[in-house]
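Quick mapping for you: the protein sequence lines, in order, are chains Z and R.
Position 28, counted from 1, in the first sequence is what my numbering calls 28; the numbers after and before it change by one each time, with no gaps.
Position 151, counted from 1, in the second sequence is what my numbering calls 151; the numbers after and before it change by one each time, with no gaps.
Source of the hints: derived by calculation from the structure; they are not laboratory data.
This structure is a prediction, so every number in the text was calculated from the model and none was measured.
Glycine residues also receive a C-beta, built at the ideal position from the N, C-alpha and C atoms.
If we take Cβ atoms under 10 Å as the criterion, some of the chain Z residues that face chain R in the derived model are:
id, residue
1, 40
2, 44
3, 46
4, 48
5, 53
6, 54
7, 58
8, 62
9, 83
10, 87
11, 88
12, 114
13, 117
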Amino acid sequence: MNRFLKDKEHLVRMAALFAVGVVLFLILKAVLVPKGFGVYGHYRAGALADNRVRAPRFAGRSACIECHTDERDAWKGGKHAGVGCEACHGALAKHAEDPSASNAFKPDPKTICFTCHLTNAAKPRKFPQIDPKNHFDGGACNGCHSPHAPDKEPKK
Amino acid sequence: MSSDRRDFVLTAGKLLVLTAPAAAYLEAVETGKAEEPAYKMAEHYWGMIVDVDKCIGCGNCVRACKTENDVPVEPYFFRTWVERYHVAEGAEHPDVDSPDGGYSGFPEKYAAGDGAKSFFVPKLCNQCAHSPCTQVCPVGATFESPDGAVLVDKSYCLGCRYCVQACPYGCRFIDPRTKTVDKCNLCYHRITKGLTTACCESCPTGARQLVDLKDPKDPVHDFLRDHKIQVLKPQLATGAKVYYNGLDGSVR
Numbered sequence: 001m002n003r004f005l006k007d008k009e010h011l012v013r014m015a016a017l018f019a020v021g022v023v024l025f026l027i028l029k030a031v032l033v034p035k036g037f038g039v040y041g042h043y044r045a046g047a048l049a050d051n052r053v054r055a056p057r058f059a060g061r062s063a064c065i066e067c068h069t070d071e072r073d074a075w076k077g078g079k080h081a082g083v084g085c086e087a088c089h090g091a092l093a094k095h096a097e098d099p100s101a102s103n104a105f106k107p108d109p110k111t112i113c114f115t116c117h118l119t120n121a122a123k124p125r126k127f128p129q130i131d132p133k134n135h136f137d138g139g140a141c142n143g144c145h146s147p148h149a150p151d152k153e154p155k156k
Numbered sequence: 001m002s003s004d005r006r007d008f009v010l011t012a013g014k015l016l017v018l019t020a021p022a023a024a025y026l027e028a029v030e031t032g033k034a035e036e037p038a039y040k041m042a043e044h045y046w047g048m049i050v051d052v053d054k055c056i057g058c059g060n061c062v063r064a065c066k067t068e069n070d071v072p073v074e075p076y077f078f079r080t081w082v083e084r085y086h087v088a089e090g091a092e093h094p095d096v097d098s099p100d101g102g103y104s105g106f107p108e109k110y111a112a113g114d115g116a117k118s119f120f121v122p123k124l125c126n127q128c129a130h131s132p133c134t135q136v137c138p139v140g141a142t143f144e145s146p147d148g149a150v151l152v153d154k155s156y157c158l159g160c161r162y163c164v165q166a167c168p169y170g171c172r173f174i175d176p177r178t179k180t181v182d183k184c185n186l187c188y189h190r191i192t193k194g195l196t197t198a199c200c201e202s203c204p205t206g207a208r209q210l211v212d213l214k215d216p217k218d219p220v221h222d223f224l225r226d227h228k229i230q231v232l233k234p235q236l237a238t239g240a241k242v243y244y245n246g247l248d249g250s251v252r
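Just need the whole structure built from these sequences, with the hints factored in.
So, in structure tokens, the structure goes:
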């Protein structure tokens, strides 16, 4: 017993140093680890909310057809019913929020159809493709084809 | 006297118990958090179906993605891109090209009827459930969210590029403006608001479909059962959740 007590001074010093180290670690941890870290895993929980804040630029087809009912009726049930409005008309979330803020983009009927329907060997064979050399006469496609529903009655 | 004290203790106790919810309620009212949209992470698990046979290589998804997510337009930065495969009969390796990632479509390069098999493959982050990229991040700036999207914490990313090297699919890049990593986050800002991703919204043929694997009514369950499905590089066991239908064996 006495032998241990004889050495206690340096034991106390070591314990004090250890305690200081622990306190320093806890302070550094409190300062450096961001709020919410580790709630769901090894990351900041707030990063989930950060990823959500961006405002969408594509409104989605359901927003378009709320107002554009004529276009909706023409488009529904046709061969292009699976094609979203913004696939051709561009991103229009701003317009959907405030119709006066920006106008819908009117695609060029001489070129927009070729985005999809230009012939290409890598396209699925059953997909309708046009080679301008033997089909296109230089006019606008919507002169003959109705863009919203090409298989419904042809445009006069 | 003693009854007074008893009343006092009871009332004080009740008030004390009520303080915490009252404070929380007051805070919610003041900060407007009480009207948080009803998105519950635990009820969703996101993935995507890519139907290779439907892809026509129009590049709508690439353009829509760049618009929606402010991806730099220079042709080295993509959250999603489209590849064209050209496999001659019996060839050991396919010819693969992706001019500007498919941003401007695919100019005809191969003669029609040359006997080779040719098709388009859209690529994006595979939202792996056991993602190699999140495992190497030294600071926890990229992670798999509880609802199945692999996200980046841009305010915490060091830009060390470990994850860029770790991704076996080449889905990550360093944003030249912020010098932090960027990648497809499955339009997390859209899917948590009930919208589909920008690429799925603008795909004209339905070759890409956002799916919620936790939603029992999602047609994905029938789709996965009725088709022969493959993920990219299954041998790496990344738990990829972008399911390809009709994927050719030549696709790496």
